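Work out the full structure: start from the sequences and follow the hints.
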Amino acid sequence: MELNNSKPKRITWWQKNQIKISPWIFLAPGLIFFFIYVIAPIFVSIGISFYQWDGLSPSIYVGLQNYIELLDDEYFYISLWNNLKWLIFFMLAVPIGLGLAIFLNQIVFGIRLIKSLFFFPFVISQVVIGLIFTWFYQPNYGVIAPFLDLIGLEGFSILANENSATYGIIFAGLYPQIAYCLILYLTGLNNINPEQIEAGRMDGAKGFHLFWNIVLPQLRHATFLAIVVTVIGALRSFDMVAIMTQGGPYGYSNVLAYYMFEQALSEYGYRMGYGSAIATVLFTIMMFYILFFIYRMYRNEREDNN
Amino acid sequence: MFPTPIHQRPIVNQYIYKVFLPISLIIWLIPIFGILMTSIRGLGDITAGNMWGTPSEFLLFSNLHDVFTNTPMVKYTLNSFKVTIPTMLGAVALSCMTGFALARYKFKTNLIIFFIFIAGNFVPFQILMIPVRDLTFKIGLYNTITGLVLFHVAFQTGFCTLFMRNFIKALPQELIEAARMDGASEFKIFWKIILPLTRPAIAALCVLIFTFIWNDYFWATVLIQGDHAMPITAGLKSLNGQWITAYHLLSTGSIVAAIPPVIMFFLMQKHFIAGLTLGATKG
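Here the protein sequences line up with chains A and B, keeping their order.
Residue 30 is where the first sequence starts when you use our numbering, and the numbers rise one by one after that.
Residue 24 is where the second sequence starts when you use our numbering, and the numbers rise one by one after that.
Derived by calculation from the structure, the hints in this document are not laboratory data.
Since the structure is predicted, the reported quantities are computational estimates derived from the model, not experimental observations.
Treat the hints with care, as some may be off.
EDC-like, lysine to aspartate or glutamate: derived pairs with alpha carbons at most 20 Å apart [said to hold, decoys possible]:
hint, chain 1, residue 1, chain 2, residue 2
1, B, K129, B, E197
2, B, K131, A, D333
3, B, K98, B, D205
4, B, K260, B, E80
5, B, K192, A, E330
6, A, K45, B, D250
7, B, K215, B, D205
8, B, K131, A, E330
9, A, K235, A, E224
10, B, K260, B, D250
11, B, K129, A, E332
12, A, K45, B, E200
13, B, K192, A, D333
14, A, K49, B, D205
Printed below as a string of structure tokens:
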């Protein structure tokens, strides 16, 4: 087995260790890249949140000062509260997407094209969606102006009102998000086991009962995914806010993602440390969902291996 | 099948369904009709508040001409392609390798590395913003297309790895065992056996990444400042500031920005949907 074993068929070191080393060679480029641009920055950001830094002059260590300031920052609370509104109302995309999927899961003439047209908003940039809805909401020129007149809200500007601005943005955001959930559920409905449905029907299950007890459990993967992407979408909401209101009026439609950007790269001077503290709070909230997602994947992996 | 196929229902229900279907589609697409209609109008209609009536003039081509000649729209569109296509190729290439490594080799940290890719894929962009911007500055790539592409490639590798790993894992293990028996090297197995089989996955990832990157707005504003490297999403936003109430131009510009991903989607719809669901329904 050892060195004196120089028989005709020589096995090189590479041949012996190929299987051990190969995965690392395949992993290296992607992993290094990902580490530099995604993993390391998370920790750097958390680090910066303990400093006061304008991005140019040397940074000053301030300990928890940025977080203490956050606790007293009215705009931080408004943003946090708006994030909560996003989380709650954005969730409507899931049941609406499911409802639409059930409505469209039929075989009639032209249904393929109709489904594609329903997916449409998901493919379009949020910038475009945001611009369209901003214009729709315009009090005088906007598309919904006649409807507002009808209900006696003549000249009402949805995005300029502190109480309605966030809802206006969320409504616009729902448009592509519903399409996303619709795609997930249509695929889910497609993969459903027809025998179970038939068996259920044999047993006299109908309508809502059939849906709730037999169909919905089979759609749990689609539901899980729809909830995950919707939560992440709600917490990541940046584009729509940036396009439609820039957090206005007076910060009343701000969300953490935009508030962070505003503070860090503000026109009144860069506050990198404070921005990082906001980002860290957002990251911590998001981490709950990420860990939940990973825990589920881990459970599935274990099931696969057993 | 759920719900009950409509042709098994009473004839009345069938008619109701067939009437309701196009109506719901029209309602759903109102925003899209809105910009399509407006893109053919002239300023006259806009200031007169004629948004839904018949356009008094047909000015689509004149609007297109305006958008393309009086603004850097051509530049923006080209920039978007220059960002999107290299990102697509880069992220897919890297993730074919990482996906293969994670799907086909057993080693201690396998699952941990896999989960790191997934977790990274979901983090809020804001937690990356300052260090990434700083890094891009330091390597002299701030305000360049290359700088933006490098970040996008790295970030998209997370999602692509998740997808590729699951796809390759579902391929039959016997193929690889047989090749190893024949003495094929690991690289040969990757290149000659795995890669040809992953073609559908590669197609799915390409469409998805194309759409994601084309529509990116956040990183385009964080890493790019001037018109010379600005992609179309950020460009449209900056034009919006100049146009103010020129909704006919805004609509035309929006349509230009939306066309490439829409074409991509219609051509590759099957792959697109497979991409959105497969990478994840397995999870």
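Here's how the hints hold up against the structure:
1. The suggested pairing of K129/B with E197/B holds, with an alpha-carbon distance near 16 Å, which does not exceed 20 Å.
2. Among the hinted pairs, K131/B with D333/A is consistent with the structure: their alpha-carbon atoms are about 17 Å apart, no more than 20 Å.
3. Among the hinted pairs, K98/B with D205/B is inconsistent with the structure: their alpha-carbon atoms are about 53 Å apart, more than 20 Å.
4. In summary, the hint linking K260/B to E80/B is not supported, as the alpha carbons are separated by about 27 Å, beyond the 20 Å threshold.
5. Between K192/B and E330/A the alpha-carbon distance is near 11 Å, which keeps this suggested pair within the 20 Å criterion.
6. With a C-alpha separation of about 55 Å, the suggested pairing of K45/A with D250/B is violated against the 20 Å cut-off.
7. Between K215/B and D205/B the CA atoms are separated by roughly 13 Å; this keeps the pair inside 20 Å, and the hint holds.
8. For the given pair, K131/B sits about 15 Å from E330/A by alpha-carbon distance, which is consistent with the 20 Å threshold.
9. Of the pairs offered as hints, the one joining K235/A and E224/A holds, with about 15 Å between alpha carbons and a cut-off of 20 Å not exceeded.
10. Taking the CA atoms of K260/B and D250/B, the gap is near 12 Å; set against the 20 Å cutoff, the hint holds.
11. Annotation: proposed proximity of K129/B to E332/A holds, straight-line Cα distance about 17 Å (limit 20 Å).
12. Between K45/A and E200/B the CA atoms are separated by roughly 16 Å; this keeps the pair inside 20 Å, and the hint holds.
13. Distance hint between K192/B and D333/A is fulfilled; the C-alpha atoms sit about 11 Å from each other, no more than 20 Å.
14. For the hint linking K49/A to D205/B, the alpha-carbon distance of about 18 Å falls within 20 Å, and the restraint holds.
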